[in-house]
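Enquirer: Below, each chain spelled out in residue letters.
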Amino acid sequence: MAHLNSENLERATRLIALYPKDRSALIPLCHLAQSQDGFLTEEAIQDIAELVGVTPAEVYGTATFYDMLHTEPVGKYVFAICTNIACLLNGAFELLEHAQHRLGVHVGQTTKDGMFTIEEAECLAACDTAPCVQVNHRFFGPLAAESFDALVGDLESGRLDDVVPSHGVLSRVERSVGLVADTENEVAR
Amino acid sequence: MITNAAPIVTRRMGYEDSHTLSRYLETGGYDGFKKALTMSREDVADQVNRASLLGRGGAGFPAGRKWSMLRSATTSYLVINGDESEPATFKDHLLVERDPHQIIEGALICAYAIGASQIFIFCRGEFALGLERLQQACNEAYEIGAIGRSIFGSSFSIDLVIHPGAGAYICGEETALLESLEGKRGFPRIKPPFFPAVQGLYGAPTVVNNIETMSNLPWIVLNGGDAFAALGEGSSTGTRLFALSGRVNRPGWYELEMSKTTFRDLIFDPTLGAGVKEGRALKAFIPGGVSAPWFGPGELDLGLDQDAVGKAGSMLGSGSVVVMDESTCVVRAAWRITRFFSRESCGQCTPCREGGGWLEQILRRIEEGEGRETDLDLLMDVCDNIAPGLTWPPQQTTICVLGPSIPSSIASSIRMFRDEYHAHIREGRCPMGSH
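Here the protein sequences come in this chain order: Y and E. Just so you know, we're using this note's numbering here: the first sequence kicks off at 1 and counts up by one. Just so you know, we're using this note's numbering here: the second sequence kicks off at 1001 and counts up by one.
Since the hints were derived computationally from the structure, they do not count as laboratory data. Among the clues, some could well be false.
[Claimed, not checked] Derived SDA-like pairs: lysine to any residue, alpha-carbon spacing no greater than 20 Å straight-line:
1) K1184(E) with D128(Y)
2) K1184(E) with P56(Y)
3) K1277(E) with A49(Y)
4) K1184(E) with T13(Y)
5) K1184(E) with A181(Y)
6) K1034(E) with A181(Y)
7) K76(Y) with L1129(E)
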């Protein structure tokens, strides 16, 4: 009995079909599992392993290499606060300190109600809006203490539900077609 | 000098809806690809060679030469590197979110020229909105017959897949990116073979090109390689998208003609960076992403030119310029950059894995006022073990260039600001008051 629901199992099959080798779908499938559960459960890892033809250990070993893939539960909203160079120069550590104080948790921790997790991020490629923050990989910035608190309020009240889906949901646009070219463009060189 | 060269890759950015298919088609979208399909593959490649288009990812390798190295084979791949993660770099992010069709069109032109079997656009996972817009653009391109079977009535067929990354700086290194695309940890591959053109995705010949590089192709095909080469100077042709950040009044992206514009123009011109924040003095700047050695005020009049910056001992790299002002603590800045490399090291090679961690810890204790008199020598010694001789470009002791990039910030900041390092150690605190 698979852990991924039937809709996601169908999605998984379509994703795998896009690649010449099944294992290439491993990371897209990890994102898919996170969109269902918010993080990568052991059961989902088992499913992914079976789907792409590797061992669960290989899925786990691959997933843990990547910052976006979580093998432990995280909050509904994950704050990724960048403190790399451009943000550092514009008050990122002060913002990070404020965020921890405001939410009452340290970096890497989740609030008791399961709403918020704080992560310290490496450069998120939005340095013109430093200090920048992502919430579930949606961009906000530049932020200061006051605007951070307002953001927390907006998330708590659900005012940003259209902009920020719950953690794990990455692209809400699905591919509309499978592979259709079915040809090889060989060129004599 | 700021020239009046018209923008190429950012020419649609004035439109709110620049990412939509309708706006793209209204502004000449897919005309470059349609024209390419009427040309021979060799002629398309020839135009790119004439343009002397240098790769815009960071290494600055000529795109045309990369293509010509592709080994003849029945199956070959085109992989677009959109895993933009070099700190302070945010140009590909802009292109993905604001003009995804342009990337797809460029990739299609490239795939046609090299005869690829399939295209993968590897997009940084953190770009959630970008991934949605890229996927939307991909779906639309299939619908209008720009991707798929017998494209626009020609004999050319190809599929394109948008592939999300999952957060790892090292996957910007092209062989690590391929490993990741194969569903593995992003470990850079041992060289030789040096180029994926010889052995790439699934062992097949593969061209890996950056998103900005691809975004230039529609324009080059429509206007000719010579028109592109007429911009810029020497080997730095065309325009380039620069990302300006740090202690500057107008941080942002600026597409500028290469070579002719100087760092001083970029940072101080009222239409560009508009000077240092709060009227402070410029202390130092990073000319091309955090892998690049820092420059001081003395280098402000250098042109935004790959060769000129290289000769001066740094690199234009990813085109990201970071401004530090007189209030910036250079130890803290160097420490944060070093911590980044230390965290992002994949761990395969000892000099990078161990050296990066040591350097980070030494810098941290200096910044925290626990530094020792011997620490500067120790820093330089560890740097020298990672990149022997501390030459530019650095000597390689590791599989990829991540490790040898670590000394860049440390060695250049010690060279320029030795007194500030000493002050930290002597006073037992950060003299800039950043704590």
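Enquirer: Next step is simple, just say for each hint if it's right about the structure.
Expert: The hints, checked one at a time:
1. K1184(E) with D128(Y): Roughly 32 Å between the alpha carbons, so the hint for K1184(E) and D128(Y) is violated.
2. K1184(E) with P56(Y): This hinted pair holds, its Cα atoms lying about 13 Å apart.
3. K1277(E) with A49(Y): 52 Å, violated
4. K1184(E) with T13(Y): 19 Å, holds
5. K1184(E) with A181(Y): Violated, at about 27 Å.
6. K1034(E) with A181(Y): Measuring from Cα to Cα gives roughly 17 Å; hence the hint holds.
7. K76(Y) with L1129(E): 18 Å, holds
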